Amino acid sequence: MKKHSFGNRLIASPYIVWSVIFIIVPLIIMIYYALTDTNGIFSIENIASLGKYKKAFGISILYAAVATVITLILAYPMAYFMTKLKISSQRMLMLIVMLPMWMNFLIRTYSWISILANTGIINTFLGKLGIGPIKLMYTPGAVILGMVYDFIPYMILPIYSVMSKLDKSLLEASEDLGCNAFAKFKRVILPLTRPGIISGITMVFVPSVSTFYISQKLGGNKDMLVGDAIEYLFNLGPEYYNVASSISLVLMILILVCLFVMNRFSDEDEGGVII
Amino acid sequence: MKILSRLYVALIIFFLYAPVLVMIAFSFNESSSVWVFTGFPLKWYAGLIYDTTMLTALLHTIIIAVLSAVISTVLGTAAAVGIMALRKKFTAKLVMSVTQIPMMNADIVTGISLMLLFIFLGRLIGLDESLGFFTVLTAHITFNLPYVILSVMPKLKQTDPHLQEAALDLGCTPFKAFFKVVLPSISAGIVTGFIMAFTLSLDDFVISYFTCGHYQTLPIIIYNMTKKSVTPDTYALSTLIFIAIFTLLILYNVLQTKSEQKINRKARV
Numbered sequence: 000m001k002k003h004s005f006g007n008r009l010i011a012s013p014y015i016v017w018s019v020i021f022i023i024v025p026l027i028i029m030i031y032y033a034l035t036d037t038n039g040i041f042s043i044e045n046i047a048s049l050g051k052y053k054k055a056f057g058i059s060i061l062y063a064a065v066a067t068v069i070t071l072i073l074a075y076p077m078a079y080f081m082t083k084l085k086i087s088s089q090r091m092l093m094l095i096v097m098l099p100m101w102m103n104f105l106i107r108t109y110s111w112i113s114i115l116a117n118t119g120i121i122n123t124f125l126g127k128l129g130i131g132p133i134k135l136m137y138t139p140g141a142v143i144l145g146m147v148y149d150f151i152p153y154m155i156l157p158i159y160s161v162m163s164k165l166d167k168s169l170l171e172a173s174e175d176l177g178c179n180a181f182a183k184f185k186r187v188i189l190p191l192t193r194p195g196i197i198s199g200i201t202m203v204f205v206p207s208v209s210t211f212y213i214s215q216k217l218g219g220n221k222d223m224l225v226g227d228a229i230e231y232l233f234n235l236g237p238e239y240y241n242v243a244s245s246i247s248l249v250l251m252i253l254i255l256v257c258l259f260v261m262n263r264f265s266d267e268d269e270g271g272v273i274i
Numbered sequence: 000m001k002i003l004s005r006l007y008v009a010l011i012i013f014f015l016y017a018p019v020l021v022m023i024a025f026s027f028n029e030s031s032s033v034w035v036f037t038g039f040p041l042k043w044y045a046g047l048i049y050d051t052t053m054l055t056a057l058l059h060t061i062i063i064a065v066l067s068a069v070i071s072t073v074l075g076t077a078a079a080v081g082i083m084a085l086r087k088k089f090t091a092k093l094v095m096s097v098t099q100i101p102m103m104n105a106d107i108v109t110g111i112s113l114m115l116l117f118i119f120l121g122r123l124i125g126l127d128e129s130l131g132f133f134t135v136l137t138a139h140i141t142f143n144l145p146y147v148i149l150s151v152m153p154k155l156k157q158t159d160p161h162l163q164e165a166a167l168d169l170g171c172t173p174f175k176a177f178f179k180v181v182l183p184s185i186s187a188g189i190v191t192g193f194i195m196a197f198t199l200s201l202d203d204f205v206i207s208y209f210t211c212g213h214y215q216t217l218p219i220i221i222y223n224m225t226k227k228s229v230t231p232d233t234y235a236l237s238t239l240i241f242i243a244i245f246t247l248l249i250l251y252n253v254l255q256t257k258s259e260q261k262i263n264r265k266a267r268v
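Order-wise, the sequence lines are chains A and B. Residue 137 in numbering that gives the first Met the number 0 sits at position 138 of the first sequence; the count goes up by one each step and never skips. Residue 268 in numbering that gives the first Met the number 0 sits at position 269 of the second sequence; the count goes up by one each step and never skips.
Simulated from the structure, these hints should not be mistaken for lab results. Keep in mind that a hint or two might mislead.
[What the hints assert, rightly or not] Simulated restraints on C-beta separations:
1. B:Ala165 / A:Ile72: 48 to 54 angstroms
2. A:Lys127 / B:Gly46: 44 to 50 angstroms
3. B:Tyr7 / A:Arg90: 28 to 34 angstroms
4. B:Ala187 / A:Lys185: 48 to 54 angstroms
5. B:Asn263 / A:Arg186: 34 to 40 angstroms
[What the hints assert, rightly or not] Sample of chain B residues at the chain A side, in silico, Cβ under 7 angstroms:
6. Ala91
7. Ser96
8. Ile100
Since we're looking at a predicted model, the values are computed, not measured. We put the beta carbon where it would ideally sit given N, CA and C, even for glycine.
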């Protein structure tokens, strides 16, 4: 009876070995680098010197938080309106939302330069109206726009998938019980779609806070984000691996704390949706 | 209200596609301005054939995507079946938590930790330059695996475990029972996992950036190019890839709708 289940258990072992070597060991090595100096001797000097990067951490968290809020405000109505359409149009729209994700995000981000630059599409248009040029590129706004643009599908899709499974009879019941449109939204729709919102927020915030391409291209290296600092230090060579690792470690802990707090919020509902 | 909501959807789609449209416009244009169209419109497409750097990178990207998707699908499906069979709940939970790490962690942290591991392993066997084909492939398999496992797992939970037992009672070997009974019932999850793995691998930049060494994939080439200026044939290649994926998705959607209609018709009969 239990014969097959023993065989079944065994076939997980290649994966378990793989995940130990390529998930756990790398993190241990990174922590080792973070807590040692270039000679491999234990030291907390790297961690202590992170004060230099306080600004980078602050800006990263601020930009990512603003981008996440904007993304949520834009994506939520989008997901809601999508569920109001015919099933076939809904599926088509899903594809349309996902399609840009299959295109190289470097190219898509880079294309924004030709839209935002002083000689770009927007400013040429404004120029014809006799306005501007307005400085759009290399501003915090441009970096946040890039984050919103690159990660908005990750917000739309989970919210949409929760919303499309929403039980319509609950909405009708709330109307019958005298809810107006606002009360219906606040007391029925919002709580029921919270798992989607939570997973959307994590899927936008994590890549935003750790990005290093968007800020380089659209922010013009004026404000260094955490990702930029890590990438810059790693490119300087092996003697900077220790400092870079300690920044990565702090970034990782920061993200884990955020995820933990977020999960606390979603625990009140039954299992959240990942992906 | 209806018009307003449609307008909103249209605006969001416009926002999503504005840079894509710019890219397509550049790919047909000889001058570097979006406004002035000059020259032979397919010039950059024709020039693509001679751009060996770009084509090699494209080949590398496809090789890595296919190999990593196939390997992670096989490993991940086996892992999902095995994890479901783990009798100790604690062990299963632990394995699943570890599986979540690459999905939850920032790409840059995953990339750096893998790079440090590869350099460490390379030094152990006495290599100066340890980063290359095998390290990108390993990295891609590693970040694909969680997505495969999490697509297969729900399907496995839906299958009736008694079916496999019945097959065994009826004289199937465990091997045969797996392929005849379990595999068909989870095939949809396996296909989803494979497609996700393939597309993630195709589009990955950050993790490849830290692990690829001289084995450059298309995103890496594009990254190096955007440091200076992007050549127009990059836009041409991206447009071609865009059109290919667009066609595939539309085809997939049409086929799916058709097969659903067929099932509905059969159900009615």
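How the hints compare with the structure:
1. For the hinted restraint 48 to 54 angstroms between B:Ala165 and A:Ile72, the CB-CB distance of approximately 53 angstroms keeps it satisfied.
2. With their beta carbons about 33 angstroms apart, A:Lys127 and B:Gly46 fall outside the hinted range of 44 to 50 angstroms.
3. A C-beta distance of roughly 19 angstroms is found between B:Tyr7 and A:Arg90, which places it outside the suggested range of 28 to 34 angstroms.
4. The beta-carbon spacing between B:Ala187 and A:Lys185, approximately 37 angstroms, falls outside the hinted interval of 48 to 54 angstroms.
5. Our hint of 34 to 40 angstroms for B:Asn263 and A:Arg186 holds, since their Cβ atoms are close to 36 angstroms apart.
6. Proximity of B:Ala91 to chain A is violated relative to the hint, the smallest CB-CB distance being about 9 angstroms (cut-off 7 angstroms).
7. About 10 angstroms separates the beta-carbon of B:Ser96 from the nearest beta-carbon of chain A, more than 7 angstroms, and the hint is not met.
8. With a least beta-carbon distance of about 5 angstroms to chain A, the hint placing B:Ile100 at the interface is held under the 7 angstroms criterion.
This entry does not satisfy hints 2, 3, 4, 6, 7, going by the numbered hints stated previously.
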